[in-house]
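Trainee: Hey, can you work out the whole structure from these sequences and the hints?
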Amino acid sequence: MRVLGIESSCDETGVALFDTDNGLVAHRLYSQIEIHAEYGGVVPELASRDHIRKTLPLIQQVLDDASMSVDQLDGIAYTQGPGLIGALLVGSAIGRSMAWALNIPAVAVHHMEGHLLAPMLEENPPEFPFVALLVSGGHTLLVDVKGVGRYTILGESVDDAVGEAFDKTAKLLGLSYPGGPALAKLAESGKQGRFKFPRPMTNRPGLNFSFSGLKTFALNTIQDHSKESRAPYNLDLQTQADIAYAFQEAAVDTLLIKSCRAMAETKYQRLIVAGGVGANESLRQNLNLKAKKLDFEVYYPRAEFCTDNGAMIAYAGSLRLAAGHTEPPIIKGMPRWRLEDLDAI
Amino acid sequence: MKILAIETSTEACSAALLDNNNVISRFEIAPRQHSQLILPMIDELLAEAELKLQQIECLAFGCGPGAFTGVRLATSVIQGIAFSIDRPAVAVSSLTALAQAAYGETKIENCLSAIDARMQEIYWAYYQLDANGLMQYQVEEQVCKPELLKLNSSQVDWIGVGSGFDTYEKVLDAKTLDNRQSKQMRWLSNQFPHASQVAKIAKSEYLAGKAVSASQALPKYVRNQVVKK
Ligand SMILES: Nc1ncnc2c1ncn2[C@@H]1O[C@H](COP(=O)(O)OP(=O)(O)O)[C@@H](O)[C@H]1O
Numbered sequence: 039m040r041v042l043g044i045e046s047s048c049d050e051t052g053v054a055l056f057d058t059d060n061g062l063v064a065h066r067l068y069s070q071i072e073i074h075a076e077y078g079g080v081v082p083e084l085a086s087r088d089h090i091r092k093t094l095p096l097i098q099q100v101l102d103d104a105s106m107s108v109d110q111l112d113g114i115a116y117t118q119g120p121g122l123i124g125a126l127l128v129g130s131a132i133g134r135s136m137a138w139a140l141n142i143p144a145v146a147v148h149h150m151e152g153h154l155l156a157p158m159l160e161e162n163p164p165e166f167p168f169v170a171l172l173v174s175g176g177h178t179l180l181v182d183v184k185g186v187g188r189y190t191i192l193g194e195s196v197d198d199a200v201g202e203a204f205d206k207t208a209k210l211l212g213l214s215y216p217g218g219p220a221l222a223k224l225a226e227s228g229k230q231g232r233f234k235f236p237r238p239m240t241n242r243p244g245l246n247f248s249f250s251g252l253k254t255f256a257l258n259t260i261q262d263h264s265k266e267s268r269a270p271y272n273l274d275l276q277t278q279a280d281i282a283y284a285f286q287e288a289a290v291d292t293l294l295i296k297s298c299r300a301m302a303e304t305k306y307q308r309l310i311v312a313g314g315v316g317a318n319e320s321l322r323q324n325l326n327l328k329a330k331k332l333d334f335e336v337y338y339p340r341a342e343f344c345t346d347n348g349a350m351i352a353y354a355g356s357l358r359l360a361a362g363h364t365e366p367p368i369i370k371g372m373p374r375w376r377l378e379d380l381d382a383i
Numbered sequence: 013m014k015i016l017a018i019e020t021s022t023e024a025c026s027a028a029l030l031d032n033n034n035v036i037s038r039f040e041i042a043p044r045q046h047s048q049l050i051l052p053m054i055d056e057l058l059a060e061a062e063l064k065l066q067q068i069e070c071l072a073f074g075c076g077p078g079a080f081t082g083v084r085l086a087t088s089v090i091q092g093i094a095f096s097i098d099r100p101a102v103a104v105s106s107l108t109a110l111a112q113a114a115y116g117e118t119k120i121e122n123c124l125s126a127i128d129a130r131m132q133e134i135y136w137a138y139y140q141l142d143a144n145g146l147m148q149y150q151v152e153e154q155v156c157k158p159e160l161l162k163l164n165s166s167q168v169d170w171i172g173v174g175s176g177f178d179t180y181e182k183v184l185d186a187k188t189l190d191n192r193q194s195k196q197m198r199w200l201s202n203q204f205p206h207a208s209q210v211a212k213i214a215k216s217e218y219l220a221g222k223a224v225s226a227s228q229a230l231p232k233y234v235r236n237q238v239v240k241k
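Protein chains in written order, with this note's numbering: chain Z, 39 to 383; chain F, 13 to 241.
Some hints could be false.
What the hints assert, rightly or not - The calculated DSS-like cross-link candidates involving lysine-lysine, where the alpha carbons are at most 30 angstroms apart (straight line), are: (1) 229/Z <-> 265/Z; (2) 232/F <-> 119/F; (3) 370/Z <-> 240/F; (4) 232/F <-> 182/F; (5) 162/F <-> 232/F; (6) 229/Z <-> 209/Z; (7) 331/Z <-> 223/Z; (8) 240/F <-> 209/Z; (9) 162/F <-> 240/F; (10) 182/F <-> 370/Z; (11) 370/Z <-> 14/F; (12) 222/F <-> 232/F; (13) 209/Z <-> 223/Z; (14) 222/F <-> 240/F; (15) 370/Z <-> 64/F.
Rather than coming from a laboratory, the hints here were simulated on the basis of the structure.
Mentor: This is how it looks when you write it as structure tokens:
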């Protein structure tokens, strides 16, 4: 079965072709980062306007890459939520109406299900059950995954997502949007021990997260060391790097503590990490060390499938289509959609 | 000549199927439900006409101006269909669709078409009938506060149409009175752009070779200032 996947929930247009016999055949991504950079964050209307220009050309490229024509498709999967409603509607409407016109089944995919199944696209995919740590710009989740669609949320952020905290702290440090990767880069030249950031919500039981306090702590630290009392702050390079280091250390450590707690609670042997922050090297290194010590396996998607992409949507959709899930010819976008509300296959 | 058209840029959601000179359609005022209604509406039309989608030669859509999400819905649906069955598409201004309907109803050959653009503004354009019975721009689409609307037309008889008139009756009345012969405010109330008009206008565009490929089928927002800096 050849399934076209379309992702348009935020500021990335992703399209991919997954073949249940041959695996991932082709995938393309167009990132809108440059469009939104000058505003310091995603402007929803501009995102929608760009998706509608980019989706069909990307679909054409993917078909060309696969040397296939559109009528060789057996199904179409598209992200229906959660995300920006206008952006979701573009991908959903194109995907749903293509399937309608081609008279093939369509399936609506949950964006976070796409993320948490992304490690399955790699060699040596994890078996169920596992714990998923989903860390992106919009989400911080620990999920008990017993099978496709069999999800229980063990913990989530009560305020900012961890990627959001990276981005906001990076902005305070004067780094350009989206600052997560830039902050990580800067942290490489930071010194350990100069600053000590808190590990929010780790000294009490439970698996929820809170990251807005880290950002505030960063702001206070920056103000204490800045020659200017208001933005743009003026820090010497080393201080900037040291703050980046301490922030990242605290964020990563917090994720680590809660992930290990979730592993202990579920007694599972496998942890998967997905979402944009899953590309963070420090997180990966520290998790790998911990996993060795505590004797569990960690799985990651390749870096390009940590952030939003069409491959994970095509893949998740193919599993659901193969299990007979289909959508009526009704176009929907679901800006809020709980992972736990999905049907099991 | 078979054309399938849709229009979802305002509160109204409609689909039409043109087969030579015969047009059948579905129309519903259904705010926020367009995305659920549109494909089933098209299914009904094809069934009623006993046609297969593959028999359609050209797709058409109301490309706005109007509600951004609605305009994009029609655009993405037509993109998806046109791409899948490899047919061209024609983008028709939603204001022109209104003007064409107003002419059909009143036989008045000049028309000021205005759609409520929210934020105390209207989208508008001014039209005149051409030799082929189609309304053509005298003033192209723009967006502005109704108080700032400027008509340079000489004193002719013209008809107003669109939600802009429903919302800003008084302002538009005072503003445009000098420009018309009849000195009486005349406008059609409760009119929304309709896919039947989109289909009729698209037919002549298609025959004139103005259809585009699916990925060139794009919205016309008119309001391009969307970010507060
Ligand atoms: N190396 C990294 N270190 C820390 N954060 C990162 C890194 N790479 C990406 N991110 C963060 O990941 C987020 C984007 O991830 P993505 O999964 O695309 O999120 P969303 O689904 O919310 O758009 C951003 O907040 C970005 O800063």
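Trainee: The structure should be examined with respect to each hint, and the outcome stated for every one.
Mentor: Each hint, compared with the structure:
Of the pairs offered as hints, the one joining residue 229/Z and residue 265/Z holds, with about 21 angstroms between alpha carbons and a cut-off of 30 angstroms not exceeded. For the proposed pair residue 232/F and residue 119/F, the alpha carbon gap of about 27 angstroms is at most 30 angstroms, so the pair holds. As the CA atoms of residue 370/Z and residue 240/F are separated by approximately 28 angstroms, the hinted pair is consistent with the 30 angstroms bound. Between residue 232/F and residue 182/F the alpha-carbon distance is near 28 angstroms, which keeps this suggested pair within the 30 angstroms criterion.
Distance restraint check for residue 162/F and residue 232/F: the Cα-Cα separation of roughly 21 angstroms lies within the 30 angstroms cut-off, and the hinted pair is therefore satisfied. With a C-alpha separation of about 20 angstroms, the suggested pairing of residue 229/Z with residue 209/Z holds against the 30 angstroms cut-off. Between residue 331/Z and residue 223/Z, the direct Cα distance comes to roughly 27 angstroms. Compliance with the 30 angstroms bound is thereby established for this hinted pair. Using a Cα cut-off of 30 angstroms, the hinted pair residue 240/F and residue 209/Z holds, with the two alpha carbons roughly 19 angstroms apart.
Note on residue 162/F and residue 240/F: the hinted pairing holds, with a Cα-Cα distance of about 26 angstroms set against a maximum of 30 angstroms. In summary, the hint linking residue 182/F to residue 370/Z is not supported, as the alpha carbons are separated by about 38 angstroms, beyond the 30 angstroms threshold. With a C-alpha separation of about 28 angstroms, the suggested pair residue 370/Z and residue 14/F falls inside the 30 angstroms cut-off, and the hint holds. Taken as a hint, the residue 222/F and residue 232/F pair is honoured in the structure, with Cα atoms around 16 angstroms apart against an allowance of 30 angstroms.
Using a Cα cut-off of 30 angstroms, the hinted pair residue 209/Z and residue 223/Z holds, with the two alpha carbons roughly 14 angstroms apart. As the CA atoms of residue 222/F and residue 240/F are separated by approximately 36 angstroms, the hinted pair breaks the 30 angstroms bound. Note on residue 370/Z and residue 64/F: the hinted pairing holds, with a Cα-Cα distance of about 25 angstroms set against a maximum of 30 angstroms.
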